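**Student:** Since chain R is already given, all that's left is putting chain L on it; use the hints.
2 protein chains.
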Amino acid sequence: MGKGNINFKIIFRILGSLLFIESFFLLLSLIVSLFYNEGDTYSFLYTLIIAVSIGLISRIFTKNSSTNIGKREGFIIVSFVWIVFSFIGSLPFIFSGHIPGLTNAFFETISGFTTTGSSILNDIESLPHGLLFWRSIIQWMGGMGIIVLSLAILPILGIGGMQLFSAEVPGPVTDKLHPRVKETAKRLWLIYLLFTISETILLMIGGMNFFDALNHSFTTMATGGYSTKQESIAHWNSPFIHYVIILFMFIAGTNFSLAYFGLKLKFKKVFSNEEFRYYLGFTLIFALISTIVLYLNSDLSFERSFRDSSFQVVSLITTTGYATADYLQWIPFLIIFLFAVMFFGGSAGSTGGGIKIMRIVILLKNSIAEFKRLIHPQAIIPVRFNHNTVKSQIINNVLAFIVLYILIFVVGTIVMSALGLDFETAMGSVIATLGNIGPGIGDVGPAENFQDIPAVGKWFLSFLMLVGRLELFTVLILFSPAFWKK
Amino acid sequence: MGKGNINFKIIFRILGSLLFIESFFLLLSLIVSLFYNEGDTYSFLYTLIIAVSIGLISRIFTKNSSTNIGKREGFIIVSFVWIVFSFIGSLPFIFSGHIPGLTNAFFETISGFTTTGSSILNDIESLPHGLLFWRSIIQWMGGMGIIVLSLAILPILGIGGMQLFSAEVPGPVTDKLHPRVKETAKRLWLIYLLFTISETILLMIGGMNFFDALNHSFTTMATGGYSTKQESIAHWNSPFIHYVIILFMFIAGTNFSLAYFGLKLKFKKVFSNEEFRYYLGFTLIFALISTIVLYLNSDLSFERSFRDSSFQVVSLITTTGYATADYLQWIPFLIIFLFAVMFFGGSAGSTGGGIKIMRIVILLKNSIAEFKRLIHPQAIIPVRFNHNTVKSQIINNVLAFIVLYILIFVVGTIVMSALGLDFETAMGSVIATLGNIGPGIGDVGPAENFQDIPAVGKWFLSFLMLVGRLELFTVLILFSPAFWKK
Numbered sequence: 001m002g003k004g005n006i007n008f009k010i011i012f013r014i015l016g017s018l019l020f021i022e023s024f025f026l027l028l029s030l031i032v033s034l035f036y037n038e039g040d041t042y043s044f045l046y047t048l049i050i051a052v053s054i055g056l057i058s059r060i061f062t063k064n065s066s067t068n069i070g071k072r073e074g075f076i077i078v079s080f081v082w083i084v085f086s087f088i089g090s091l092p093f094i095f096s097g098h099i100p101g102l103t104n105a106f107f108e109t110i111s112g113f114t115t116t117g118s119s120i121l122n123d124i125e126s127l128p129h130g131l132l133f134w135r136s137i138i139q140w141m142g143g144m145g146i147i148v149l150s151l152a153i154l155p156i157l158g159i160g161g162m163q164l165f166s167a168e169v170p171g172p173v174t175d176k177l178h179p180r181v182k183e184t185a186k187r188l189w190l191i192y193l194l195f196t197i198s199e200t201i202l203l204m205i206g207g208m209n210f211f212d213a214l215n216h217s218f219t220t221m222a223t224g225g226y227s228t229k230q231e232s233i234a235h236w237n238s239p240f241i242h243y244v245i246i247l248f249m250f251i252a253g254t255n256f257s258l259a260y261f262g263l264k265l266k267f268k269k270v271f272s273n274e275e276f277r278y279y280l281g282f283t284l285i286f287a288l289i290s291t292i293v294l295y296l297n298s299d300l301s302f303e304r305s306f307r308d309s310s311f312q313v314v315s316l317i318t319t320t321g322y323a324t325a326d327y328l329q330w331i332p333f334l335i336i337f338l339f340a341v342m343f344f345g346g347s348a349g350s351t352g353g354g355i356k357i358m359r360i361v362i363l364l365k366n367s368i369a370e371f372k373r374l375i376h377p378q379a380i381i382p383v384r385f386n387h388n389t390v391k392s393q394i395i396n397n398v399l400a401f402i403v404l405y406i407l408i409f410v411v412g413t414i415v416m417s418a419l420g421l422d423f424e425t426a427m428g429s430v431i432a433t434l435g436n437i438g439p440g441i442g443d444v445g446p447a448e449n450f451q452d453i454p455a456v457g458k459w460f461l462s463f464l465m466l467v468g469r470l471e472l473f474t475v476l477i478l479f480s481p482a483f484w485k486k
Numbered sequence: 001m002g003k004g005n006i007n008f009k010i011i012f013r014i015l016g017s018l019l020f021i022e023s024f025f026l027l028l029s030l031i032v033s034l035f036y037n038e039g040d041t042y043s044f045l046y047t048l049i050i051a052v053s054i055g056l057i058s059r060i061f062t063k064n065s066s067t068n069i070g071k072r073e074g075f076i077i078v079s080f081v082w083i084v085f086s087f088i089g090s091l092p093f094i095f096s097g098h099i100p101g102l103t104n105a106f107f108e109t110i111s112g113f114t115t116t117g118s119s120i121l122n123d124i125e126s127l128p129h130g131l132l133f134w135r136s137i138i139q140w141m142g143g144m145g146i147i148v149l150s151l152a153i154l155p156i157l158g159i160g161g162m163q164l165f166s167a168e169v170p171g172p173v174t175d176k177l178h179p180r181v182k183e184t185a186k187r188l189w190l191i192y193l194l195f196t197i198s199e200t201i202l203l204m205i206g207g208m209n210f211f212d213a214l215n216h217s218f219t220t221m222a223t224g225g226y227s228t229k230q231e232s233i234a235h236w237n238s239p240f241i242h243y244v245i246i247l248f249m250f251i252a253g254t255n256f257s258l259a260y261f262g263l264k265l266k267f268k269k270v271f272s273n274e275e276f277r278y279y280l281g282f283t284l285i286f287a288l289i290s291t292i293v294l295y296l297n298s299d300l301s302f303e304r305s306f307r308d309s310s311f312q313v314v315s316l317i318t319t320t321g322y323a324t325a326d327y328l329q330w331i332p333f334l335i336i337f338l339f340a341v342m343f344f345g346g347s348a349g350s351t352g353g354g355i356k357i358m359r360i361v362i363l364l365k366n367s368i369a370e371f372k373r374l375i376h377p378q379a380i381i382p383v384r385f386n387h388n389t390v391k392s393q394i395i396n397n398v399l400a401f402i403v404l405y406i407l408i409f410v411v412g413t414i415v416m417s418a419l420g421l422d423f424e425t426a427m428g429s430v431i432a433t434l435g436n437i438g439p440g441i442g443d444v445g446p447a448e449n450f451q452d453i454p455a456v457g458k459w460f461l462s463f464l465m466l467v468g469r470l471e472l473f474t475v476l477i478l479f480s481p482a483f484w485k486k
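Chains R and L are the protein sequences, given in the same order. Following the numbering used here, the numbering of the first sequence begins with 1 at its first residue and continues without gaps. Following the numbering used here, the numbering of the second sequence begins with 1 at its first residue and continues without gaps.
Just chain R, with the same shape it has in the complex (with noise of 0.2 Å):
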């Protein structure tokens, strides 16, 4: 990797410079706690001057620093960037009292930066705007941060999965969208925009008002499941409102390149995406599922059944975690197909956590390709994905990433137990933080929150969803010796 010293003089310059667009989401949150005028405003303001404070602190006090960004340098800022933004991003719920102590606070802000959603608040309605508007926005800043980072950044470190789509398998995805990452990142964020705004629009047309639309085209868009209702989505009884929300977690859940051809409407290229027509096809088949299971097994009528199933697989894939049922509710049967399907995640380079659509169906073709090398042991039998032989170096990776997220799953389920939960909640607890989806199972289900989690397991499931955002690797290579050596 690098050589010599880690410039960690950069590292601080670029955490501080990046401190100034949340300085600039936290100046969108105090003017609308002013228009609201609920108490919060100073609260905002107070974190508004920290944040830009260290942001000008790093600027002046590095202003001679060497520019040499190597890849270590890389890694740490990436992993760092989460972190500090938490830090500052949770002060507006303490300094209101919304949220008083550190671990809820920091707990809330990361869960809602990392796009998962899991959320300490046992009565959301009591929050004044400008805080719940806060606690949204964070998500789409996180969801804008993932796309960015999954699209332009981690490639070059070597990470996620990603390098598919580069010099590895050149296929549609590969036309970029520019070479450079600062123009890719706007010509993301401007379809990101683009789809929050339409899923405003059509949200109001479906009876919302401005301010629940607005927040919820922020959560969904980030896949993030942030609501302003206790209830989630299911405080709306609309079918046209729940449509229009699985239409966009589903998009949200698609490679963000695609949606870009999507917009163009060069429908005929996204459907010539492998990882796109899986994502449908596991989708769709996952939702006919549930709903037939669930119509014979409940008193809903076959559009509800239909509608409810729908939403909850497509909620879970994407790992957005809204809810317009509670899922635990349901039969065993049903419980555990939705405990499964928390394992898949959206597409690679979407919002969407888990381990991804990409990763499962490498999985699926190579241990097909295992049962014909046996067959036919001289015979050489590639792994093909999107027209192209996926490299065996790329397959141990991809194979490496889903042992070590299941060995994630087990490790932190026999911690949360340790920690006092039992068995399903610890697994619960652990597959929705760490696969950014937000409820789980047990008593982390859809209707409850994670107020009552040990404040070490909140700290550790922090870290979890940090650990499944940033693509497993990312951050745990911090922790080895190797990666510090000069």
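Which residues of chain R face chain L? A few of them, derived with a C-beta cut under 10 Å, are:
(1) L374
(2) A426
(3) F479
Once the Cα atoms are required to be at most 27 Å apart in a straight line, the calculated DSS-like pairs of lysine-lysine come out as:
(4) L:K365 x R:K485
(5) R:K485 x L:K372
(6) R:K372 x L:K9
(7) L:K182 x L:K264
(8) L:K372 x R:K391
In short, the hints are calculated from the structure, not lab data. Just so we're clear, the structure is a prediction, and the values are computed from it rather than from any experiment. The beta-carbon is built from N, C-alpha and C at its ideal position, and this holds for glycine as well.
**Tutor:** Same frame as chain R, but now just chain L:
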């Protein structure tokens, strides 16, 4: 693979011929039943006549058949011998009326042959001695079969981890005991017999009667876990007996080639084997963790905590399935901890089931290598095992095995929950059978049995036992259309 038609005649001939081995053990059980004279003699006699008849028919009607055995014939024979043996082996239970239905009798018998040890019996002591003996010797036969399979036959078919020890990775263990399968088998069985006799003597010294000592030695060495008592080993409140069984369970979970060197007192050779060192290390660490946690969270003495913890850890890691304590009564952390241990399994080339230590070690080493590869993308970072580099093809195979194992576990859990089982019982029943362990968690814990599982579930779990026992691929390949193509 093979060319032309599959030689079904030779398959029939070999399966029939192997029935003479089962007939020999049926004869032994017949003698035991005669000795105790408890009314089960005729059920053995009838079964014996059926088995010998089929054996003779298969030889007479295939006299002039081609002796051409290809790989495909090998796969079919290896899978079907367990099924045929289990059908024949279930007859004494059915004829005697002690296990009336075919479903239960077949489940109990294949659970024996696959050395799983999951039972549908809820009053074991009511069985006549002949049937108890048959139940135990079925496991002993299964253990014998698996040693020969994993050390001599599966490597030829390209299955199982053992190719790691053959041409691929020359290490201490490749000092093949003898090149020819028959000779190898004879020597391995001699060791197997020697250990069985030693354990019988030690258990008798500990106060067991000859019958119980012999039966438990059969099922220990097979890592099967069938007991002659409903309470399992908890029936004997003797520390000596518990420690003897811990020792022999551990031996049975060791690669039998290594056990051979151990018997010859070549301990240096044993300890230089990497899989053995990890096997010992994992066992010690897990037992230690469990001991401390159990001691701090119960009224048990330290010795009792240590003994119960060691017993349960060794019983589960070797996939034996005996119990001296109902671990489901322990604190949730220990239940989840032991549930995780169930995924490990014994060493390759032992009678133990599960994923196997070797694969877990390669998985962990490859995960570490992945981090190093990220830090030094240009360098070639090999995974080493037993002082040799593991080919990337083998790593891929190992990872594919583990992921497939987890996939089957997940799908199996969903299937069992669809049959109405609750989450923990569904997971417990699947890992207990797929891992060839015996008891699981939920309603199929060590103090319970599989009686209440629906019939379809029993057949499905029987299938999982076979799939797990034959290293997944051996059985699943038969479902591949490519396998049956000319």
